[in-house]
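**Student:** Sequence:
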Amino acid sequence: MEMGLGGSAADTFPTRPELQRLLPGYRLICRLSQTPMSEVHLAEEVGLANRRVALKVLNPSVCDQPSFRERFHREVKSAARLGHPNVIPIHQAGEAGPLLYLVMPYVEGTDLAGLLRAEGPLGLARTARIIRQVAAALDAAHGKGLVHRDVKPHNILIDRDSGHVYLCDFGIAKHVADETSSAGQFIGTIDYASPEQIQGRKVDERTDVYSLGCVLYQCLTGRRPYPEPVPVSVMWAHLHAPPPRVTDSCPNLDSRIDDIVATALAKEPDDRFAGCAELAARLAELVGAMPGPDLPAPPPPPPGSRGRRILAMLVATVPVIAIGVIVYVVNRDDLASAALARVPKSLQATCARAGTRGGFPGADISLSCRDGSGDEVVFGLFDTAADMDEAYEAAVREAGVVRGSGDCASADTGEHRYPGVGPPKGRVLCRTAGDARSLIWTDTAARTVARAGMSKGAEPGLPRTWSALLGEPPFPTRDERSLIDDMEAKGCKRVEPGDLDRYPEAVAGVECDPGAGATAVSYYRFTDLPALRRAYDERAGRIRAPYGISCATNPRGFLGSNRYDHKSVEIGGVLCHPEAGGGFAVEWSVEPFLILARVSGTDPRKLADWWSTSDTPSMDKVARVINAQARPAFPTAAEQALLRHIPAASRVNCVRPSKEQIATNVRDASIVGVVCGPLQDVGIVFYYQFPDRASMQRNYALDAAQSETPCDTYPKDFVGEGAYTIDGESSGRLTCRRNGIWYNLVWTDERLNIEAFHFNAPNPRKLIDWWRKDGGLVQAS
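Position 522, counted from 1, in the sequence shown is what the UniProt record's numbering calls 522; the numbers after and before it change by one each time, with no gaps.
It is worth saying that the hints were derived from the structure and are not from the lab. Where is the CB? At the ideal position from N, CA and C, for every residue including glycine. Among the hints, a few may not be true.
To be verified - In silico SDA-like links for lysine to any residue, alpha-carbon gap of 20 angstroms or less:
{"id": "1", "residue 1": "LYS773", "residue 2": "HIS645"}
{"id": "2", "residue 1": "LYS77", "residue 2": "MET104"}
{"id": "3", "residue 1": "LYS425", "residue 2": "PRO121"}
Stated by the list, open to error - Distance ranges between label pairs, derived from CB positions:
{"id": "4", "residue 1": "ARG16", "residue 2": "ARG563", "range": "34 to 44 angstroms"}
{"id": "5", "residue 1": "LYS345", "residue 2": "ALA241", "range": "42 to 52 angstroms"}
{"id": "6", "residue 1": "GLN680", "residue 2": "LYS493", "range": "31 to 41 angstroms"}
{"id": "7", "residue 1": "ARG563", "residue 2": "SER346", "range": "27 to 37 angstroms"}
{"id": "8", "residue 1": "ALA445", "residue 2": "PRO89", "range": "34 to 44 angstroms"}
{"id": "9", "residue 1": "ILE741", "residue 2": "SER410", "range": "43 to 53 angstroms"}
{"id": "10", "residue 1": "THR709", "residue 2": "ASN763", "range": "10 to 20 angstroms"}
{"id": "11", "residue 1": "GLY404", "residue 2": "LYS493", "range": "17 to 27 angstroms"}
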């Protein structure tokens with residue numbers, strides 16, 4: 001069998017029949033995964049009943065190098081000798097024709113990367129359990145002189161049933177990278193690579209400490225430490241950027257976690273933890289300091305003892321008729337005040353320890369409380385957020401409700417995050433079974449799961465008592481009001497809570513009157529630019545919209561994504577796509593305002609026109625925010641001097657042009673420039689001040705029309721060029737051009753060494769009239 005080195009990974013690996021022929025001792029069931037470096041198959045060992053294994057086959061294109069094969073066998077032997085419970089054992093390793101392969105146990109579950117994709121941040125206690133087990137595996141390897149060098153979520157496996165953690169791929173991925181990439185390149189691991197790996201310096205156990213620190217940060221925040229868009233930016237960040245702060249994303253966590261992450265991600269190995277166990281120990285200390293339920297349920301007393309104790313109290317204190325009251329008080333005294341503090345204040349006085357049947361499985365304490373209507377609300381108090389999540393997910397599975405479906409604010413069945421404004425507090429599940437309706441929800445901060453029934457015949461949606469318990473503020477909040485004001489929207493209301501699942505990191509959303517050309521429009525506020533960009537990129541990636549296609553041109557299938565700008569300054573992305581249930585939508589970000597917007601309709605052309613002509617936020621508001629965020633602050637002294645030369649009537653909403661635009665207009669990004677407008681019936685105007693007249697004239701000559709007809713005579717096709725005067729004195733030159741339906745001007749002012757570019761006027765006569773009255777530059781007084 002011959003296999004070439006070119007083509008895709010699928011072309012390089014053997015086909016399934018070829019692989020089966022090369023490895024007759026294994027019955028292939030299905031391929032679990034494929035990367036450019038390896039394939040992993042689920043297989044069954046022939047002759048051993050029910051023994052399923054993971055069969056990993058390395059890419060033959062890198063296996064034909066003797067040095068690689070030698071190191072492969074050496075490192076496999078080293079990994080096999082570890083014998084650690086948190087290291088995936090290797091049943092067998094060998095060669096079969098051109099192949100190198102490994103046989104390992106098949107772990108029913110997921111890798112950490114899949115868990116993070118499915119659930120997002122894992123919480124401190126759950127993260128600590130995972131990190132502790134990975135650290136134990138790594139320190140065992142370090143003790144035998146083996147450095148992993150590829151610690152990442154994909155190489156951390158979690159057993160579905162037991163939650164046991166395994167570390168895999170010891171010593172292999174790094175050698176593959178050595179053989180297949182040049183210096184400074186990494187294959188799939190750059191997000192977790194230490195500075196010394198990137199620089200090609202010596203690596204040791206502290207290299208694994210750095211990578212484990214990256215994994216720690218991702219477990220707590222749900223994102224990589226340096227989520228830059230291109231690999232070279234990620235490498236630069238590993239080398240130079242300060243370690244990211246966990247509390248910037250998770251402000252409720254103890255700030256000491258930032259010190260732990262910063263030590264693990266120190267640029268120099270000597271400044272890191274000496275080993276992974278030290279990192280895990282620091283993390284465990286922090287978890288141990290976390291508040292939890294004060295008192296677990298006491299062990300059950302010997303048979304009959306509790307009854308005798310209560311009876312003795314009754315005989316000694318009150319008549320038998322008071323039994324119910326006394327029993328309630330005894331149970332009430334069993335509750336620790338810290339446990340009650342995790343229940344909404346309005347219910348605390350009504351709570352008693354729930355009976356065995358009414359409690360939550362796995363909870364440290366279950367409480368039975370009564371709401372304002374007298375209905376029971378059961379709370380399960382959990383030691384960790386991970387335990388809370390597991391209990392809630394079990395309820396979701398039992399209900400048969402799809403996560404993120406429906407909206408409990410208006411329907412009987414659904415599941416989504418809540419509340420409808422502010423950071424997420426938890427998730428809520430509503431379900432209907434026959435005549436019974438119920439709600440189950442989590443409180444992430446309190447680590448509780450609650451269950452409440454609803455009266456038969458109650459109106460659909462969340463009961464008012466539930467909303468009151470969670471303290472959802474009245475509409476509009478400050479964030480909602482700022483959304484409405486920024487977008488100058490009308491007829492707005494709060495989006496339904498389930499609607500925020502489309503953009504999980506949004507902290508507010510409003511649905512407003514869309515006006516003509518659309519059926520619905522909504523706006524969402526984010527707390528920071530990275531969160532906004534993640535939300536937009538996730539939507540564009542999920543929809544698989546091709547990049548570089550303008551929605552305004554009504555692309556084929558109304559599917560495309562692109563960046564857009566305000567007077568050359570990029571301010572966001574715009575995405576257009578068909579809707580799954582019919583119709584079309586445009587989604588766009590307004591980055592200076594930290595807003596993501598969405599408009600939908602039935603006619604794609606009208607929808608594109610609606611977006612193109614929408615003036616929200618207004619141009620003057622956009623200009624103010626762009627200038628407030630400009631670095632250096634706009635205007636600088638040089639820009640202020642240039643602004644004074646622009647006629648007041650044209651000095652409208654001026655901003656600094658982008659460096660790319662300056663370089664396009666004047667071939668030198670260092671030249672001072674401002675752009676103003678759009679002006680009524682005219683367009684936008686760029687003004688540039690040159691250091692001398694000669695350089696300005698050279699640049700103008702490159703843009704001047706080859707014509708001797710003055711522009712103010714309205715030449716054919718509006719193509720002309722000539723000198724002009726101010727107050728009878730020669731002042732500069734003016735050229736005019738037409739671009740499709742638009743009319744443009746370029747002119748110089750030789751008194752001030754300024755060249756100006758006007759773009760996109762719809763009418764040549766109005767353009768020339770504006771230039772005569774307000775466009776020609778004047779000397780500052």
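**Student:** It remains to establish, for every hint, whether it holds in the given structure.
**Tutor:** Now for the hints, and whether the structure bears them out:
1. The hinted pair formed by LYS773 and HIS645 meets the criterion: a straight-line CA distance of about 14 angstroms does not exceed 20 angstroms.
2. In summary, the hint linking LYS77 to MET104 is supported, as the alpha carbons are separated by about 14 angstroms, within the 20 angstroms threshold.
3. Distance hint between LYS425 and PRO121 is fulfilled; the C-alpha atoms sit about 13 angstroms from each other, no more than 20 angstroms.
4. Remark: the range hint 34 to 44 angstroms for ARG16 to ARG563 is upheld by a beta-carbon distance near 43 angstroms.
5. Judged by the Cβ atoms, the range 42 to 52 angstroms given for LYS345 and ALA241 holds: they are separated by roughly 43 angstroms.
6. Taking the beta carbon of each, GLN680 and LYS493 are about 34 angstroms apart, inside 31 to 41 angstroms as hinted.
7. In this structure the supplied range 27 to 37 angstroms is violated for ARG563 paired with SER346, their Cβ-Cβ distance being about 49 angstroms.
8. Between ALA445 and PRO89 the beta carbons are some 40 angstroms apart, a value that agrees with the proposed interval 34 to 44 angstroms.
9. As the Cβ distance of ILE741 to SER410 is approximately 47 angstroms, the hint placing it in 43 to 53 angstroms holds.
10. One distance hint, 10 to 20 angstroms for the beta-carbon pair THR709 and ASN763, holds here, with the actual separation near 19 angstroms.
11. Evaluation of the 17 to 27 angstroms hint for GLY404 and LYS493 yields a pass: the beta carbon distance comes to about 22 angstroms.
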